[in-house]
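Participant: Each chain is listed here by its residues.
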Amino acid sequence: MSAPAERSHLDEALLSWMHETPWTRDEERFRDLALAVFEFQFEHCPAYARFCQARGVSPKEIDTWEEIPPVPTGSFKEVRLACFPEAQTQKVFRTSGTSNEKRGELHLDRLDLYEASLEASLRHSVFPDLGLGERMTLRTLAPDIREAPDSSLSHMFQRAVEVFGDSSSGFDVLEGQLQANSLFAALDEACRTRAPVALCGTTFAFVHLLDALEKRDRPRFDLPPGSRVMETGGYKGRSREVPRKDLVAQIGEGLGIAPSRVLNQYGMTELGSQFYDSRFRQPEHPVRKVAPPWTRVRLVDPSNGRDCAEGEPGMIVILDLANVGSVSAIETADLGRRVEDGFEVLGRQAGAEERGCSIATDIMLGAAEPS
Amino acid sequence: MRGGEAVAAARTRLEKAGSELRQRPTAEILATLGRVLDGWGDPGSPWRQDLAAHLPAHTGFSLSTVRKGLAVGLDHWNGSVLEAVVKREIGDPARLDADGPAAITGFEHTACVLAGSIPMPTIQALLLPLALRSPVLAKTASRDDLTARAVAHSLAETDPGLGRCVEVVDFDSSDEEASARLLEAPCIVAMGSDATLSRLRQNVQPHQRWVGYGHRLSVAIKGARVPSDPWAERMALDIALWDQAGCLSPAAIYVVGNATDADESAASLANALEEAEKRWPRGDITTATAASIRIERDEARVRQGAGHDVRVLGEDSSPWTLVREDSARWRASPLHRFIRVHPVADAESCAAALRPLGPHLAAVALDAMAGEVPGFHRELAELGASRVVPAGRMQAPPFDWHHDGQPLLLPIARFCDRE
Chain V
1 MSAPAERSHL
11 DEALLSWMHE
21 TPWTRDEERF
31 RDLALAVFEF
41 QFEHCPAYAR
51 FCQARGVSPK
61 EIDTWEEIPP
71 VPTGSFKEVR
81 LACFPEAQTQ
91 KVFRTSGTSN
101 EKRGELHLDR
111 LDLYEASLEA
121 SLRHSVFPDL
131 GLGERMTLRT
141 LAPDIREAPD
151 SSLSHMFQRA
161 VEVFGDSSSG
171 FDVLEGQLQA
181 NSLFAALDEA
191 CRTRAPVALC
201 GTTFAFVHLL
211 DALEKRDRPR
221 FDLPPGSRVM
231 ETGGYKGRSR
241 EVPRKDLVAQ
251 IGEGLGIAPS
261 RVLNQYGMTE
271 LGSQFYDSRF
281 RQPEHPVRKV
291 APPWTRVRLV
301 DPSNGRDCAE
311 GEPGMIVILD
321 LANVGSVSAI
331 ETADLGRRVE
341 DGFEVLGRQA
351 GAEERGCSIA
361 TDIMLGAAEP
371 S
Chain U
372 MRGGEAVAAA
382 RTRLEKAGSE
392 LRQRPTAEIL
402 ATLGRVLDGW
412 GDPGSPWRQD
422 LAAHLPAHTG
432 FSLSTVRKGL
442 AVGLDHWNGS
452 VLEAVVKREI
462 GDPARLDADG
472 PAAITGFEHT
482 ACVLAGSIPM
492 PTIQALLLPL
502 ALRSPVLAKT
512 ASRDDLTARA
522 VAHSLAETDP
532 GLGRCVEVVD
542 FDSSDEEASA
552 RLLEAPCIVA
562 MGSDATLSRL
572 RQNVQPHQRW
582 VGYGHRLSVA
592 IKGARVPSDP
602 WAERMALDIA
612 LWDQAGCLSP
622 AAIYVVGNAT
632 DADESAASLA
642 NALEEAEKRW
652 PRGDITTATA
662 ASIRIERDEA
672 RVRQGAGHDV
682 RVLGEDSSPW
692 TLVREDSARW
702 RASPLHRFIR
712 VHPVADAESC
722 AAALRPLGPH
732 LAAVALDAMA
742 GEVPGFHREL
752 AELGASRVVP
762 AGRMQAPPFD
772 WHHDGQPLLL
782 PIARFCDRE
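Sequences listed follow chains V and U, in order. Per our numbering, residue 1 is the first one in the first sequence, and the count goes up by one each step. Per our numbering, residue 372 is the first one in the second sequence, and the count goes up by one each step.
The following block holds chain V by itself, in its conformation from the complex:
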């Protein structure tokens, strides 16, 4: 099979899976597709192929998806991990960072797969109550794609507004500043019409929102039932840090949105898929991140590469078939633990255990890196 035909075959199989509802977790289907995607990536991404060969792994030698060697997310800063010629690049998403820092890059030669994955997850986890074609007001606490053209998060929010948002939807961050007036006007309108609203944005933007609410000389919002919050991305030093429990409580106080309606997303620029809290779909179960059917998440003991027992902390390793044009097996810098059929993110905990006096040398030297 030629490269384009081989790729097209994989894309169609994935698109078809992403469009299916309800989600079905089919181990054999995943295994077959994962091994085919690995074979394609091994064939067309030379840097990845050499990495795998150095690990003693090639497509002919493995028969389970767990054996596919993962690359660290940091490698996307150093190497173009793509399975197509640079000239065919349609989009490059970049990790956040300053102009002095190297930024991770996800190169895409087509966006439909990326968008099908994110739409399926949004529909499944964030908007499970919206029927096909139904919309709601979606206010976004992040810059739009004109301001942040290489941000995968802005791209995702743009698609969310296009697919799920009504005419009152929009973006409420401009040039890095929360546009409290436009946002509060939209929230006032939602309170008046009793039409639920979805607030989606970065975690630090929600802290800015809470600060703006503090300064507002009016009663707190009491948003209508069905309203919800989706936050992601952590603080990244862009706001004061508020423990998540407090953040959720303060959102409840300020906006009238119950903690059970605040959803966290775990995602990263290097991945084509995202992972959402299970709380909207399975409120009676422990909250955990849910992996879409075309992904698998392993919690790995980093000292030997074996899967951790349920509840044990391990390194989060993801196989995301939506990354078909790049590398699908990703080793993250995050720790997590398995919870029922999903996982919980414990964070990076970098330096937490350092026992010498050069605590967090790695963090410090991000700043010392020559430009």
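A portion of the hints provided could be inaccurate.
As the list claims (entries may be wrong) - Distance windows between CB atoms, simulated: (1) U:726 with V:222: 55 to 63 Å; (2) V:216 with U:749: 15 to 23 Å; (3) V:226 with U:577: 49 to 57 Å; (4) V:244 with U:429: 28 to 36 Å; (5) V:260 with U:573: 53 to 61 Å; (6) V:286 with U:543: 52 to 60 Å.
What the hints assert, rightly or not - Only some residues are given here: those of chain U computed to face chain V with a beta carbon under 7 Å: (7) 658; (8) 661; (9) 662; (10) 665; (11) 666; (12) 669; (13) 670; (14) 672; (15) 673; (16) 674; (17) 676; (18) 716.
Since the hints were made in silico from the structure, they are not lab data. Beta carbons are placed, not taken as given, at the ideal position from N, Cα and C, and that holds for glycine.
For this one, chain V is given, so just place chain U on it according to the hints.
Facilitator: Here is chain U on its own, set in the frame of chain V:
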């Protein structure tokens, strides 16, 4: 007792002990401190042996690493080194008693915020204020509540009056009340991360004396003509001790020469690290550290796969990792026996590579043949290094080392000039 109450009670006890201390002649106190230092410098002393026996369980270091670390760090400490520091910074010790043209005194008490779990900085931090007759209120490091108590015990055993002049408190750093009471001290010596020091300093008033020891790192430089094997053995000791977690541990190595020189040095060092592991095994590491090490190894392998001239030495199961880099560009290290070897063409390139690290630089292990890096000592001093030593001596700072480039007693002393 809550943290805040414990700190307040300790301060009350120190007030009484401090007023008794200030009645005693300095010479007597220095002599007692000298005997305490003699004890810590003696490998056979029960204080040393007791600390060595218990530190591994508290810190995760292996017993043989702790023993070797204490031997390298303390064997050359003794009473006369304290005397030498007093002479260097104060002159005649009698100036601490006399009513001369410049009265030199310590503060009513000195608060020490300790960090990490390497004993030497703790021992020194607790003894120095006493030399100025300033009693000490020490907050233990979260990873080591042993050493400060061991020092207090050694003082009490040698001189009960002096023993009463050290109070050791434990509390969680989130205990704001305890922290606020501790930071009311007229003189504060704080160690820790830059973020910790910034947070603490926000609660310190301008009239209080503040001495902070924050983030530091050390590096090694090897000239191409320096024979690799003996150097590698000494370098491996510097890396192995305290599992590379100290500010005097090498975080990176720069080999002056070409890629072949770097390869040769890296190969020797890899062998030496393997040998060092047999004698001084790496201690426990957390899942987070193991994950960082795995990620950095794999990240280097991906770069290698992409055609970069990078090599990873050490098996996946090895407790040590060596990455021979393809350039002088600094890269973060997870430490815990993870070392990068960078090739640098010449001394000038090496200095350029180190320049961004300058504000954080502590020690540099410099091994070069005559003429290989002329004038480099001066250049390193200007960059910010406060120690230049040969490989193998990084973890053996003399008691009188200008810690982070500062005098030891002067920052915690008060001067009153009479005109």
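Participant: Does the nearest C-beta of chain V fall within a distance shorter than 7 Å of the C-beta of residue 666 of chain U?
Facilitator: holds, 4 Å
Participant: Report holds or violated for the interface hint on residue 661 of chain U, using the least CB-CB distance to chain V and a cut-off of 7 Å.
Facilitator: holds, 4 Å
Participant: Hint check: is the beta carbon of residue 665 of chain U less than 7 Å from a beta carbon of chain V?
Facilitator: holds, 4 Å
Participant: Let me know if the C-beta of residue 662 of chain U comes in closer than 7 Å to any C-beta of chain V, holds or violated.
Facilitator: Status holds, d = 4 Å.
Participant: So does residue 260 of chain V sit 53 to 61 Å from residue 573 of chain U, Cβ to Cβ?
Facilitator: With Cβ atoms ~37 Å apart, the hint is violated.
Participant: Would the hint on residue 674 of chain U stand, with a C-beta cut-off of 7 Å toward chain V?
Facilitator: Given a least distance of 5 Å, the restraint on residue 674 of chain U holds.
Participant: Go ahead and decide if the range 15 to 23 Å is satisfied by the Cβ distance of residue 216 of chain V to residue 749 of chain U.
Facilitator: Taking Cβ atoms as reference, residue 216 of chain V and residue 749 of chain U lie about 59 Å apart, which means the hint is violated.
Participant: Measuring from the C-beta of residue 673 of chain U to each C-beta in chain V, is the shortest one below 7 Å?
Facilitator: holds, 4 Å
Participant: Under the criterion of a CB-CB separation shorter than 7 Å, is residue 672 of chain U in contact with chain V as hinted?
Facilitator: holds, 6 Å
Participant: Holds or violated: is the Cβ of residue 658 of chain U closer than 7 Å to a Cβ in chain V?
Facilitator: holds, 5 Å
Participant: Using the Cβ atoms, figure out if residue 286 of chain V sits within 52 to 60 Å of residue 543 of chain U.
Facilitator: violated, 28 Å
Participant: Using the C-beta atoms of residue 226 of chain V and residue 577 of chain U, is the stated range 49 to 57 Å upheld?
Facilitator: holds, 54 Å
The structure does not agree with the numbered hints 2, 5, 6, 18 stated previously, though it agrees with the rest.
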